[in-house]
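Here is what each chain is made of, one letter per residue.
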Amino acid sequence: MSLLEVDAVEAGYDDALVLRGVSLTADAHEIVAVIGPNGAGKSTMLKAVYGLITWRGGSVRFADEDVTGLRPDRLTRRGLNFVPQTENVFPTLTLAENVHVSALVVPKNERRAAVERVRELFPILTERSRQRAGTLSGGQRKLVALARALVTQPRLLLLDEPSAGLSPLAMDTVLEKLVEINALGIGIVMVEQNARRALALAHRGYVLEAGRNAIEGSGADLLRNPQVAELYLGGSVTTASSSTSTSTPSGMNPDTK
Amino acid sequence: MSASLQVMDVVRVFGGVRAVDGASLEVEAGSITGLIGPNGAGKSTLFNCISGFLRPQAGRVLLDGKRIDRRAPHRIAKAGLVRTFQTPRALTRMTVLENVMLAAPRHGGERLAGSLAAGVRRREREVRTRAAELLGLVRLDAHASALAGTLSGGQRKLLELVRALMAEPRILLLDEPMAGVSPTLRVELLEHILALRERDGITLLIVEHDLDFVMRASDRVIVMNDGRVITQGSPSEVRADARVVDAYLGVRHEVS
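Going line by line, the protein sequences match chains V and S. So for the first sequence, our numbering puts the first residue at 27; every next one is plus one. So for the second sequence, our numbering puts the first residue at 1417; every next one is plus one.
Simulated from the structure, these hints should not be mistaken for lab results.
To list a few chain V residues with every Cβ distance to chain S over 10 Å, as calculated:
no., residue
1, 33
2, 51
3, 53
4, 55
5, 81
6, 92
7, 93
8, 127
9, 136
10, 138
11, 147
12, 152
13, 154
14, 227
15, 239
16, 244
A few chain V residues facing chain S, derived, Cβ under 7 Å:
no., residue
17, 63
18, 165
19, 190
20, 193
21, 196
22, 198
23, 219
24, 259
25, 260
Reference listing, derived: stretches of chain S covered by chain V, where coverage requires no fewer than 3 residues with Cβ under 8 Å from a Cβ of chain V:
no., segment
26, 1566 to 1572
27, 1592 to 1603
Only a predicted model underlies this, so the values are computations on that prediction, with no experimental measurement involved. By construction, the Cβ of each residue, glycine as well, lies at the ideal position given by its N, Cα and C atoms.
Please put together the full structure from these sequences, using the hints given.
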């Protein structure tokens, strides 16, 4: 039994069915990366698991309980939290207030300790406690969003593109922070378009394609898999030696040139 | 017909924070220029000042030598300078194709629908064909008749790019075109962006954090920090600059 077990989820928006049976598991000691083409359903999967959209089929179990379609606030209290890609801090509140609001889900007698632990992990909360979150840079905002999720004392975090829009230096900071968080025994499921970086630090990875599971394996195996490189990692673009002329994947997508 | 851009000593302050603090740069006609810098360096604010979405409090912006810093965004777009936004803005209750068609120059939706004149119909056909063609480039053709609201975050970024191209720009400002785009599509987008310059003669100014992309695409790279331009040069010069490594790249990305 894994901590999180997503089984054959079907979900979408209005008339559009996006997820056509996606399954995934994650444990507290793991970083799990979810990659795939734009529109594959990666973010939708996170939103479905966190109860933000309506399920049409399938189920999700968390800590051995059926939590399918449970409200987000209930999931947060059970130890499952979600950090959206944008709009993940309250811009007009200070950093201290942002963390305080999140800490309200923690039992009153544990709140002070929870906030204290998060402040140790994120020095920026102390350094800029009275600054409004809206005045932070993109990288700093991501850290505050992570801190807000962590203060709720999760056992598992769902992260939607934690590195998107970050400068190389800020991206390193955020990804290193994820490894630190995971080392505390908190599981991480992250959707990422910076797929090589994500797979490099993930224990396991899933490739989604058109709302379904395509390939899965250890992060290292997926990185080494030539099919994954060709279809999902942009061929050899990030390796210095070869050219970008690796062709469009055959049989997958029509060549549009 | 490529356009050139000059930015001279532009200042924009938000409640005491000097987001852009005397930034000056030049983009040569027909070039691809990368604009990089840490988060919060003022890149997007500068984009807003150039494209008329914010009025600079000091300094000047020149398009082909003519001042545009007091003009409204639509007039700047009409003059040939078009920009995309980091967070895409699509009309979610219209189809993807309609979103693109609306971005065509000189043709409001009202006139398209209201007149039966043959010329207008022909123009609409042309616009429709062009729109479909551009959607094919970014692999959104299969979604042409879907509501734009059903697109994923990454797909909306691509729609944003197509809408900008539909406006027939002479100079195009792209704000993080690769963020949220899959690695496979990034490779293709790079080719398309290079072709925009080669084939269509569009000048490009691109804010992007994907360094592989910036280094491959750009003729010149300009680096901002704290609201100013701190250095500029060829991609390899900039990559080796100690200030850039300190403020932006970090040691991991340093050239060995």
